[in-house]
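**Student:** Protein chains in written order, with the working numbering: chain H, 1 to 138; chain Z, 1001 to 1138; chain X, 2001 to 2138.
These are calculated hints, taken from the structure and not from any lab test. Misleading hints may appear alongside valid ones.
[What the hints assert, rightly or not] Chain H stretches covered by chain Z per the calculated footprint, using a threshold of three residues with CB under 8 Å from any CB of chain Z:
| hint | stretch |
| --- | --- |
| 1 | 32 to 41 |
| 2 | 94 to 100 |
[What the hints assert, rightly or not] Some chain Z residues flagged as far from chain X (calculated, every beta-carbon gap over 10 Å):
| hint | residue |
| --- | --- |
| 3 | Y1004 |
| 4 | R1005 |
| 5 | K1006 |
| 6 | E1007 |
| 7 | R1013 |
| 8 | V1019 |
| 9 | N1020 |
| 10 | I1021 |
| 11 | G1033 |
| 12 | Q1061 |
| 13 | T1083 |
| 14 | E1116 |
| 15 | K1126 |
Note that CB positions come from ideal geometry on N, CA and C, so glycine has one too.
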Amino acid sequence: MKSYRKELWFRTRTRRELVNITSQVQQCLAESGVQEGLLLCNAMHITASVFINDDESGLHQDFETWLEKLAPEKPHSQYHHNTGEDNADAHLKRTVMGREVMVAITQGRLDFGPWEQIFYGEFDGKRDKRVLVKIVGE
Amino acid sequence: MKSYRKELWFRTRTRRELVNITSQVQQCLAESGVQEGLLLCNAMHITASVFINDDESGLHQDFETWLEKLAPEKPHSQYHHNTGEDNADAHLKRTVMGREVMVAITQGRLDFGPWEQIFYGEFDGKRDKRVLVKIVGE
Amino acid sequence: MKSYRKELWFRTRTRRELVNITSQVQQCLAESGVQEGLLLCNAMHITASVFINDDESGLHQDFETWLEKLAPEKPHSQYHHNTGEDNADAHLKRTVMGREVMVAITQGRLDFGPWEQIFYGEFDGKRDKRVLVKIVGE
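For reference, chain H alone in the conformation it holds in the complex (with noise of 0.2 Å):
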């Protein structure tokens, strides 16, 4: 069995983004070497996800919207999470995106269907925070 660690780190300029990081998972595979396996990519902070969707601008907007409809950010006293915070709307947007993908490897690549793209979702940015990418297989 072969097992890869890596760390992606990521400092968005805005509160909120989405980064398509299928590239640099891809790339985190290439290294390891895995042909038949599983990949983990989860987001390492608690205000941050790592999901799978499509990479076109409209739908993102759409995300925007919605998660600032079920949590939204603002006012900030309508959260309990207040010891110093101010990100109680982050930890749950981050609920809905979800924590982690784990994804099929076949045949050395990421068996993805056609639209299929991995995302660094951040709901508390402007800091540097970190993605672990962990892969096992043979």
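Based on the hints, put chains Z and X in the right spot on chain H.
**Tutor:** Okay, now just chains Z and X, sitting in the frame of chain H:
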């Protein structure tokens, strides 16, 4: 290490539908010969879901009503993902329900609690779409 | 390849409760002897969740308020899943929070970011329910 891969194909008659795929996934596991390991089952399309819940028709009606409340289909004009598409709501619904499930394999069986069943959740159907089953173990 | 399996049992005093199970999962990992691999931790019941977030009481209060807004318990009559059940809301809340987490195992440890903690999310408690821990690796 053994690895196994299969695509399951679906074409629902309606736009939204929940399909119990537990027995098809169990058949994949039997074909794989894996006794101990992990099974990944994921939608290969970004407007569909694979999730685990109860096979009870009243609950499925509740899911439909609830998802329409959280991410209504109409009016399509409320969304920006309209580049020849009218399925932004399906991307959001699938996000709530999740893309994938991981199931433990123990002694050659899906290691499930008493009511766990695997469903394909279609939110933009009436066309051919796929689910991936990937099994890794021994 | 090593594989390890354990059930953790819970009986909460209230209908809804969040329980930090990180140390119990760490103990499973120690028992398994696995140094490199993947750990699956999932609720075996469909009205409960396993998720990763922050161990901060204000945030947990925010989760409770938020889940009650997204999928209110009462009135029970608003749901169709009432075949001797009054827990449709628990199925929906668990869907938002997620059934399972996958955790990378690196050098014999849960490969976590600084604030990641594993929680059992109970949404229909006051009875015995189980979580599965499955570990695969070397």
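**Student:** Is the Cβ of Y1004(Z) more than 10 Å away from each Cβ in chain X?
**Tutor:** Since the minimum Cβ distance to chain X is about 15 Å, Y1004(Z) lies beyond 10 Å and the statement holds.
**Student:** Was G1033(Z) rightly flagged as not at the interface, with every chain X Cβ beyond 10 Å?
**Tutor:** holds, 14 Å
**Student:** Is the nearest CB of chain X more than 10 Å from the CB of E1116(Z)?
**Tutor:** violated, 6 Å
**Student:** Does the claim that R1013(Z) lies off the interface hold, with its Cβ farther than 10 Å from every Cβ of chain X?
**Tutor:** holds, 21 Å
**Student:** According to the definition I'm using, a residue is off the interface if its beta carbon is farther than 10 Å from all beta carbons of the partner; does K1126(Z) meet that for chain X?
**Tutor:** holds, 24 Å
**Student:** Please verify that the nearest CB of chain X lies beyond 10 Å from E1007(Z)'s CB.
**Tutor:** Given a closest Cβ separation of 22 Å, the condition holds.
**Student:** Hey, is R1005(Z) genuinely clear of chain X, shortest beta carbon separation above 10 Å?
**Tutor:** Label holds. Min Cβ-Cβ 17 Å, cutoff 10 Å.
**Student:** Per the stated criterion, does the least C-beta distance between I1021(Z) and chain X lie above 10 Å, as a non-interface residue requires?
**Tutor:** Non-interface label stands for I1021(Z): nearest chain X Cβ at 16 Å, farther than 10 Å.
**Student:** With a Cβ-Cβ cutoff of 8 Å, does the stretch 32 to 41 of chain H contain at least three residues near chain Z?
**Tutor:** holds (count 3)
**Student:** Report holds if the minimum CB distance from K1006(Z) to chain X is greater than 10 Å, and violated otherwise.
**Tutor:** About 20 Å separates K1006(Z) from the closest Cβ of chain X, which puts it past 10 Å; holds.
**Student:** For the stretch 94 to 100 of chain H, count the residues whose Cβ lies under 8 Å from any Cβ of chain Z; is that count three or more?
**Tutor:** holds (count 3)
**Student:** Determine whether the non-interface label on V1019(Z) survives the test: each CB of chain X must be over 10 Å from its CB.
**Tutor:** holds, 17 Å
Of the numbered hints stated above, those contradicted by the structure are hints 12 and 14, listed in ascending order.
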